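Chains as they are written, first to last, in numbering that gives the first Met the number 0: chain U, 0 to 255; chain P, 0 to 164.
No wet-lab data here; the hints were simulated from the structure. Computed from a predicted model, the values in this text were never measured in an experiment. No residue lacks a Cβ here, since even glycine has one placed at the ideal position from N, Cα and C. Some hints could be false.
[Unchecked claim] Covered, in the sense of this in silico footprint (three residues per stretch, anywhere, with C-beta under 8 angstroms from a C-beta of chain U), are these stretches of chain P:
id: 1; stretch: 5-16
id: 2; stretch: 21-27
id: 3; stretch: 52-65
id: 4; stretch: 107-121
[Unchecked claim] List of simulated lysine to aspartate or glutamate pairs, DMTMM-like, C-alpha gap at most 25 angstroms:
id: 5; chain 1: U; residue 1: Lys70; chain 2: P; residue 2: Asp16
id: 6; chain 1: U; residue 1: Lys48; chain 2: P; residue 2: Glu26
id: 7; chain 1: U; residue 1: Lys10; chain 2: P; residue 2: Glu121
id: 8; chain 1: P; residue 1: Lys30; chain 2: U; residue 2: Glu69
id: 9; chain 1: P; residue 1: Lys50; chain 2: U; residue 2: Asp16
id: 10; chain 1: U; residue 1: Lys70; chain 2: P; residue 2: Glu21
id: 11; chain 1: U; residue 1: Lys70; chain 2: P; residue 2: Glu4
id: 12; chain 1: P; residue 1: Lys50; chain 2: U; residue 2: Glu69
id: 13; chain 1: P; residue 1: Lys50; chain 2: U; residue 2: Glu18
id: 14; chain 1: U; residue 1: Lys70; chain 2: P; residue 2: Asp22
id: 15; chain 1: U; residue 1: Lys70; chain 2: P; residue 2: Glu26
id: 16; chain 1: U; residue 1: Lys48; chain 2: P; residue 2: Glu121
id: 17; chain 1: P; residue 1: Lys156; chain 2: P; residue 2: Glu26
id: 18; chain 1: P; residue 1: Lys156; chain 2: U; residue 2: Asp12
id: 19; chain 1: P; residue 1: Lys50; chain 2: U; residue 2: Asp12
id: 20; chain 1: U; residue 1: Lys48; chain 2: P; residue 2: Glu15
id: 21; chain 1: U; residue 1: Lys10; chain 2: P; residue 2: Glu122
id: 22; chain 1: P; residue 1: Lys50; chain 2: P; residue 2: Asp16
id: 23; chain 1: U; residue 1: Lys48; chain 2: P; residue 2: Glu122
id: 24; chain 1: U; residue 1: Lys70; chain 2: P; residue 2: Glu122
id: 25; chain 1: P; residue 1: Lys30; chain 2: U; residue 2: Asp61
id: 26; chain 1: P; residue 1: Lys50; chain 2: U; residue 2: Asp138
id: 27; chain 1: U; residue 1: Lys10; chain 2: P; residue 2: Glu21
id: 28; chain 1: U; residue 1: Lys246; chain 2: U; residue 2: Glu18
id: 29; chain 1: U; residue 1: Lys10; chain 2: U; residue 2: Glu23
id: 30; chain 1: U; residue 1: Lys10; chain 2: U; residue 2: Glu29
id: 31; chain 1: U; residue 1: Lys252; chain 2: U; residue 2: Asp238
id: 32; chain 1: P; residue 1: Lys50; chain 2: P; residue 2: Glu4
id: 33; chain 1: P; residue 1: Lys156; chain 2: U; residue 2: Asp138
id: 34; chain 1: U; residue 1: Lys252; chain 2: U; residue 2: Glu122
id: 35; chain 1: P; residue 1: Lys50; chain 2: P; residue 2: Asp22
id: 36; chain 1: U; residue 1: Lys252; chain 2: U; residue 2: Asp138
id: 37; chain 1: P; residue 1: Lys156; chain 2: P; residue 2: Glu127
id: 38; chain 1: U; residue 1: Lys48; chain 2: P; residue 2: Glu4
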Amino acid sequence: MNMACDSWTEKLDAYLDGELAPAEARALREHLRGCSACAAESLSRVQLKRAVQTAGQRFTPDPAFRARIEKSVAGRKSAGWNRFWFPALAGAMALVIVGAVFLHLNRDRQAQQQRSEQRLLGELADLHVATLASANPVDVVSTDRHTVKPWFAGKIPFTFNLPELQDSPFTLIGGKVSYLNQSPGAELIFRVRQHQISVFIFQEQALGDTRAEDAVQSALSFNVRSWSHNGLRYFVIGDASAADLDKLSELMKSAG
Amino acid sequence: MPHFERLYNFACWLTEDRQEAEDLVQETYAKALRGFSSFQQGTNFRAWIYKILRNTFLTSRTGLKAAATVPLDLEGDEQILPTLKETPESILLQRSDWQLVQQALEQLPVAYREVLLLCEVEEMSYQEISSTLAIPLGTVMSRLSRARQALRAAAQKMQVVGAKT
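Just chain U, same shape as in the assembly:
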């Protein structure tokens, strides 16, 4: 064990307890692979952990004692637990009533919003299919986000950020200008395994009266994710799994 190892062994306990940050844990694993002294130290600590775990589970309660406690708990429960639950229940009921009234007032408006949202998703699905079917799916072909983003400058009336994809299963294929409600926006095409996913970005004001909150939907059996950020509305659409779409959405959100 050399001097450099001291800084690793300090972190060994936190690592074995599952308390090290992912990046540090990765670095430590890397070190353990190459350093036999630290690996042996790690093994001995794991053994100690296991030994304490086994040794520590030593005493089991007597069934008679359990029965006694159960009885005393049951006796008090009605007083203790009810005191807590009754106000909670009353509050919940009041909420349900307020909610029902609110829902009723909003139903018409919501139905209308839903129709326009459905129409919008239908159109996005069409755009995505058209891209998949096209011989030239993208106008800027590049896996480099630093090429794709500047390409849009001057072609669309806003700008956006693209995430770092190095540690993810996604590959950026390219992008093109797309139109929705006669307004220009960006369409980015990503690949994950054999699936292509389109990410559309439009200005919120161009989309009219659609629901602005985050949405998880499917349209024409495509999975769709959408959210708003800084006056822009993002749509992620594709035939990849819901989990993949969530992951890509998170990446896009993290890029802001």
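Start from chain U and add chain P according to the hints.
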């Protein structure tokens, strides 16, 4: 009754006496029920009930005595000791040595024993331990590290004694 068996196990380790442990668990449940309104929904129930058990123990006769024999190196809790420099072979514990580890655990001061049990047996996160014992996160880490060293040392000492006899 959530956590009944584990609470009992933990109580036995703290009190080192089954009768006392039973009283302790019973009082813990009684206090938990009385004070259930003080439990904040959304916070950690397990940490809350262990905290009640531990506080009840600390105010008991055995607990007060245990608290009076706090190890000296609990002072200056923040600083982590340098790691031991033995050869790994000497500290490898055999699987059959869990009885030895039990004895070693018994010899540790309560402050070390409880933090080890919460971490290894209850598998609490540092955050949970921190709220159960009402000590800062940094102290959880340094105390764990000391407790493990103390346990190793105790186990080794017993191994040596065992080998001689």
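Quick rundown of the hints versus the structure:
1. 5-16: This one holds; 4 residues, not fewer than the three required, reach chain U with a Cβ under 8 angstroms.
2. 21-27: holds (count 3)
3. 52-65: violated (count 0)
4. 107-121: holds (count 5)
5. U:Lys70 <-> P:Asp16: Holds. Lys70 (chain U) to Asp16 (chain P) sits at ~23 angstroms (cutoff 25 angstroms).
6. U:Lys48 <-> P:Glu26: 31 angstroms, violated
7. U:Lys10 <-> P:Glu121: Holds - the C-alpha atoms of Glu121 (chain P) and Lys10 (chain U) are around 21 angstroms apart, at most 25 angstroms.
8. P:Lys30 <-> U:Glu69: Given pair Lys30 (chain P), Glu69 (chain U) holds - Cα atoms ~14 angstroms apart, limit 25 angstroms.
9. P:Lys50 <-> U:Asp16: Cα-Cα ~21 angstroms, so holds.
10. U:Lys70 <-> P:Glu21: Judged against 25 angstroms, a Cα distance of about 14 angstroms means the pair holds.
11. U:Lys70 <-> P:Glu4: 16 angstroms, holds
12. P:Lys50 <-> U:Glu69: Distance of about 21 angstroms is within 25 angstroms: holds.
13. P:Lys50 <-> U:Glu18: Holds: Lys50 (chain P) and Glu18 (chain U) sit about 22 angstroms apart, inside 25 angstroms.
14. U:Lys70 <-> P:Asp22: Holds, at about 15 angstroms.
15. U:Lys70 <-> P:Glu26: Within the cut-off at roughly 14 angstroms; holds.
16. U:Lys48 <-> P:Glu121: Cα-Cα ~12 angstroms, so holds.
17. P:Lys156 <-> P:Glu26: 37 angstroms, violated
18. P:Lys156 <-> U:Asp12: Holds, at about 22 angstroms.
19. P:Lys50 <-> U:Asp12: Holds: Lys50 (chain P) and Asp12 (chain U) sit about 24 angstroms apart, inside 25 angstroms.
20. U:Lys48 <-> P:Glu15: 21 angstroms, holds
21. U:Lys10 <-> P:Glu122: 18 angstroms, holds
22. P:Lys50 <-> P:Asp16: 19 angstroms, holds
23. U:Lys48 <-> P:Glu122: 11 angstroms, holds
24. U:Lys70 <-> P:Glu122: 29 angstroms, violated
25. P:Lys30 <-> U:Asp61: 21 angstroms, holds
26. P:Lys50 <-> U:Asp138: 63 angstroms, violated
27. U:Lys10 <-> P:Glu21: 38 angstroms, violated
28. U:Lys246 <-> U:Glu18: 24 angstroms, holds
29. U:Lys10 <-> U:Glu23: 9 angstroms, holds
30. U:Lys10 <-> U:Glu29: Distance ~13 angstroms between Lys10 (chain U) and Glu29 (chain U) Cα, so the pair holds.
31. U:Lys252 <-> U:Asp238: OK: Lys252 (chain U) and Asp238 (chain U) at ~20 angstroms, within 25 angstroms.
32. P:Lys50 <-> P:Glu4: Given that 25 angstroms is the threshold and the Cα spacing comes to 16 angstroms, the pair holds.
33. P:Lys156 <-> U:Asp138: 74 angstroms, violated
34. U:Lys252 <-> U:Glu122: 23 angstroms, holds
35. P:Lys50 <-> P:Asp22: Holds, at about 16 angstroms.
36. U:Lys252 <-> U:Asp138: 24 angstroms, holds
37. P:Lys156 <-> P:Glu127: Given pair Lys156 (chain P), Glu127 (chain P) is violated - Cα atoms ~32 angstroms apart, limit 25 angstroms.
38. U:Lys48 <-> P:Glu4: Roughly 21 angstroms between the alpha carbons, so the hint for Lys48 (chain U) and Glu4 (chain P) holds.
Checked against the numbered hints above, the structure breaks hints 3, 6, 17, 24, 26, 27, 33 and 37 and satisfies the rest.
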